[in-house]
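As you go down the protein sequences, you meet chains A and B in turn.
Reminder that position 142 of the first sequence reads as 141 in numbering that gives the first Met the number 0, one-by-one numbering, no gaps.
Reminder that position 127 of the second sequence reads as 126 in numbering that gives the first Met the number 0, one-by-one numbering, no gaps.
For the record, the hints were derived by calculation from the structure and aren't laboratory data.
Computed from a predicted model, the values in this text were never measured in an experiment.
Hints may contain errors.
Identical chains share a label here; the pair holds if one copy fits it or two copies do between them.
[To be verified] Derived DMTMM-like pairs: lysine to aspartate or glutamate, alpha-carbon spacing no greater than 25 angstroms straight-line:
| # | residue 1 | residue 2 |
| --- | --- | --- |
| 1 | K48 | D131 |
| 2 | K153 | E195 |
| 3 | K69 | E195 |
| 4 | K177 | E70 |
| 5 | K74 | E195 |
| 6 | K177 | E195 |
| 7 | K83 | D191 |
| 8 | K143 | D125 |
| 9 | K80 | E182 |
| 10 | K141 | E33 |
| 11 | K69 | E21 |
| 12 | K137 | E182 |
| 13 | K69 | D34 |
| 14 | K177 | E71 |
2 protein chains.
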Amino acid sequence: MLKKIPISTVSRLSLYLKCFTELHIESVEYVSSEDLAERIGLNAAQVRKDLAFFGQFGRRGVGYNIVSLKEEISKILGTHKSWKTAVIGMGNLGSALTMYTGFRAKGFNIVAGFDVSTDKIGWEIDTLKIYDYQDLEKVIKKEKIEIVIITTPKEVLADVMAKLRKTGIKGILNFAGKYMKNEGNIIIRNVDLGQEMEQLTFFLTNK
Amino acid sequence: MLKKIPISTVSRLSLYLKCFTELHIESVEYVSSEDLAERIGLNAAQVRKDLAFFGQFGRRGVGYNIVSLKEEISKILGTHKSWKTAVIGMGNLGSALTMYTGFRAKGFNIVAGFDVSTDKIGWEIDTLKIYDYQDLEKVIKKEKIEIVIITTPKEVLADVMAKLRKTGIKGILNFAGKYMKNEGNIIIRNVDLGQEMEQLTFFLTNK
Chain A
0 MLKKIPISTV SRLSLYLKCF TELHIESVEY VSSEDLAERI GLNAAQVRKD LAFFGQFGRR
60 GVGYNIVSLK EEISKILGTH KSWKTAVIGM GNLGSALTMY TGFRAKGFNI VAGFDVSTDK
120 IGWEIDTLKI YDYQDLEKVI KKEKIEIVII TTPKEVLADV MAKLRKTGIK GILNFAGKYM
180 KNEGNIIIRN VDLGQEMEQL TFFLTNK
Chain B
0 MLKKIPISTV SRLSLYLKCF TELHIESVEY VSSEDLAERI GLNAAQVRKD LAFFGQFGRR
60 GVGYNIVSLK EEISKILGTH KSWKTAVIGM GNLGSALTMY TGFRAKGFNI VAGFDVSTDK
120 IGWEIDTLKI YDYQDLEKVI KKEKIEIVII TTPKEVLADV MAKLRKTGIK GILNFAGKYM
180 KNEGNIIIRN VDLGQEMEQL TFFLTNK
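Start from the sequences, fold in the hints, and give me the full structure.
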């Protein structure tokens, strides 16, 4: 059934999950497609279409069961389990990301940071330890890290990838500003903040 | 014609633009849909379909004219002009964003930062000046700032928005972690880094 979920729906699953999580905290048990649509800024028909992929149809006059859909979407997004995560490059962005509470709430357990600066290597903050970039391969294997977030300059990306290929890393969130394609078994997701701004100015220019 | 461009194509325009910019720097004049597709990790049919919205069809054996498409896409994305930009919240993430070279390259001119910390207020770095958050409304009006990037905690978002509504702000890139819908004439784009991670684990879980 999963194969049939279109990629545009997948990108909205995070929004639904966020909404269900907030509603669950507010002790709400059921929500209508109209209320959900209003909260997310979509139309109700789209919400019903998206949630129908889970075989879930809101019961007339009752709505969608929040706990059940929250669990189902978490499983599909893979956030029902914890992921051991490392950040490569502990500059401003890397530091901001390690302190980002939204990651931990979703099960991303950032246990390691890597940097070349001797000022930073050796620091320990809660469960996070900052290691020498030279030990990247060794530490990732030893700590069984599954996901890395790359915030290095794009000039060192080739070196980072050469090291990562020798580890069992599964996924990369790439902030380095140079687009990378999935590689063998490694899933790579590129985040380009300049691109986010361009999408904003597209709407400003064409509204 | 613009109205007909589907939103999924718009999100790929940034990728094409990036590619054309790189190729232009490499002094390449024409590129085939196959080469373009290979660089971006799409299929060539999708590339031809997307670029057809611009009335541009790659000439057989020659390919797409890079300079011409680069200009056209820049105009559509609104990055052919410079945008006066401010960052609200000068913590780790805010500081990282002000130093992000990708913004300036795309015409986003970050001229102001806002914070509540007296340690930060008054600093000047190149063309950027850090102001007291209390002066937000005044400074945005005076400096004619068009776009703000919000990196504050979500708890203060309501206060930030109350202040921004009194200015002529056009667009917001929101990193505060609470989803906001467009409001009146203000276009709001939400960036949720936890969501980016969820999209990654979706593919890790369902590959």
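Hint by hint, here is what the structure shows:
no.: 1; hint: K48 x D131; in the structure: neither (48 angstroms within a copy, 46 angstroms between copies)
no.: 2; hint: K153 x E195; in the structure: both (18 angstroms within a copy, 19 angstroms between copies)
no.: 3; hint: K69 x E195; in the structure: between (27 angstroms within a copy, 18 angstroms between copies)
no.: 4; hint: K177 x E70; in the structure: between (35 angstroms within a copy, 21 angstroms between copies)
no.: 5; hint: K74 x E195; in the structure: between (28 angstroms within a copy, 16 angstroms between copies)
no.: 6; hint: K177 x E195; in the structure: both (15 angstroms within a copy, 16 angstroms between copies)
no.: 7; hint: K83 x D191; in the structure: both (23 angstroms within a copy, 20 angstroms between copies)
no.: 8; hint: K143 x D125; in the structure: within (19 angstroms within a copy, 42 angstroms between copies)
no.: 9; hint: K80 x E182; in the structure: within (24 angstroms within a copy, 36 angstroms between copies)
no.: 10; hint: K141 x E33; in the structure: neither (49 angstroms within a copy, 41 angstroms between copies)
no.: 11; hint: K69 x E21; in the structure: within (10 angstroms within a copy, 42 angstroms between copies)
no.: 12; hint: K137 x E182; in the structure: within (21 angstroms within a copy, 50 angstroms between copies)
no.: 13; hint: K69 x D34; in the structure: within (16 angstroms within a copy, 42 angstroms between copies)
no.: 14; hint: K177 x E71; in the structure: between (34 angstroms within a copy, 22 angstroms between copies)
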